[in-house]
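Listed in order, the protein sequences are those of chains A and B. Here this note's numbering runs 26 ahead of the position in the first sequence, where the first position is 1. Here this note's numbering runs 1039 ahead of the position in the second sequence, where the first position is 1.
Everything labelled a hint here was simulated from the structure, so no lab data went into it. Predicted model, so just to flag it, every value in this text is computed and none were measured. Among the hints, a few may not be true.
Unchecked claim - Selected chain A positions facing chain B (Cβ under 10 Å, derived; list incomplete):
hint: 1; residue: 65
hint: 2; residue: 68
hint: 3; residue: 72
hint: 4; residue: 83
hint: 5; residue: 106
hint: 6; residue: 107
hint: 7; residue: 148
hint: 8; residue: 161
hint: 9; residue: 163
Backbone N, C-alpha and C fix where the C-beta goes; we use that ideal spot for every residue, glycine too.
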Amino acid sequence: MTQYQDTGEATQTELGHDTVQRVVLEMPATPAYVALSRLTIAALANRAELDQEVVADLKVAVTEACSLFIEAGDVPREAAAIRVEFEVGEDRWTISVIGPLAEHGLVGAGDQAGLALVVIQALADDVETRTDGLTGIIRFGRAVR
Amino acid sequence: MKDTYRALIVDDEAPARSELRFLLNRHARIKVVGEASGAEEALALAENLSYDVVFLDINLPDIDGIEVAARLAQGADNPYVVFVTAYSEFAVRAFEVSAFDYLVKPVTERRIDQTVDRLLSTLDATARPTQDQHSRLERLAVNRSDKTVLLALHHILYFQAEGDYTRVVAQGGSYLANYSLKSLGERLDSKEFFRCHRSYIVNLSHVSEIISLPSNTYGLQLADERKTVLPLSRRQTRELRKRLEF
């Protein structure tokens, strides 16, 4: 039984002068797996020798984003998945968290969702939220140097 | 009882240390003061740092973690030891060296929360008051015109740095105090007062909202008549999240 899936999508693209590595993680939308998103950040950050404060900010933000989808999704937990895409540049990281939504969307999920977004927005340089049917996307970027 | 207790993390895998640090940092009263990737490094760190608890991996590359625990127990700090390992078969040996707890990886949030809650209860029951607590402020003396006013702390809305002095803004007026913001901060109860920005300490009981400000920044709005807004620095957002437990 596959409980989580590293899709193996690690690609490299050029954005301006910055080489961006793309790493994708797909996992069940249950609390037990949120740690995987943090461990991925830790492993990537270790390679990039990032400052611990930046790493801590990114981990809090990704945890909040994953938790929002776990709280918001109406679909059965076992069937739902969260996809986390890391775009890792020399100077800037962008993380997209894609997951299931309830019918009322992301922000409508209550005060807890509002506070979680406040935390993400405070820790990131820019945040974008989008919905596509019953799928939501939280994408945030952060300068890491 | 202390406001915070100091922790060391010993694990040879950097991501494991990082995750444990994240899980512990969710607890406002636990401060991770050091990390080591091996036994020798841990023993050297323990000699140079004061700490209350060590979260210790058993499978270390140089010396067995249980042996490390036995050596740490002989030191001046005699810390509580929480073993964190991928294997359950060492549990009996671990408790023979007086382990406080034994966590099997992957450590869940709920499991670490249980350990920390129990740890804090035990530490609170045994720790002696710190010097900080003896000198903690209960009322603040400030000068106004030709008299000295004693302000009750719960009337104070916030403190603002003004060079080497501090502006004290309270219900009913503002005063200049002859202390630096840093020295004041050290004598305030960290459960009530929060350093939201390098120039401000706010009384959390007077905060009514967290509001969005231009340039993707946030502020703390107070419940006073003027609806004062104080800046919230990015660095302190994580800390505030812990403090408010939202």
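Against the structure, the hints come out as follows:
Proximity of residue 65 of chain A to chain B holds as hinted, the smallest CB-CB distance being about 5 Å (cut-off 10 Å). Interface restraint check for residue 68 of chain A: the shortest CB-CB distance to chain B comes to about 4 Å, inside 10 Å, so the restraint holds. With a cut of 10 Å, the hint placing residue 72 of chain A at the interface with chain B holds, because the nearest CB-to-CB distance is about 5 Å. Interface restraint check for residue 83 of chain A: the shortest CB-CB distance to chain B comes to about 7 Å, inside 10 Å, so the restraint holds.
A distance limit of 10 Å between C-beta atoms decides the matter here; for residue 106 of chain A the minimum to chain B is near 19 Å, and the interface restraint is violated. Taken as an interface hint, residue 107 of chain A does not check out: its beta carbon lies about 19 Å from the nearest beta carbon of chain B, beyond 10 Å. The interface hint given for residue 148 of chain A is met, as the beta carbon of that residue sits about 4 Å from the closest beta carbon of chain B, less than 10 Å. Contact between residue 161 of chain A and chain B, as hinted, is not supported at the beta carbon level, the nearest pair being about 25 Å apart and thus beyond 10 Å.
For residue 163 of chain A, the interface hint is violated, the least distance from its beta-carbon to any beta-carbon of chain B being 18 Å, above 10 Å.
When the structure is compared with the earlier hints, violations turn up for hints 5, 6, 8, 9 and for no others.
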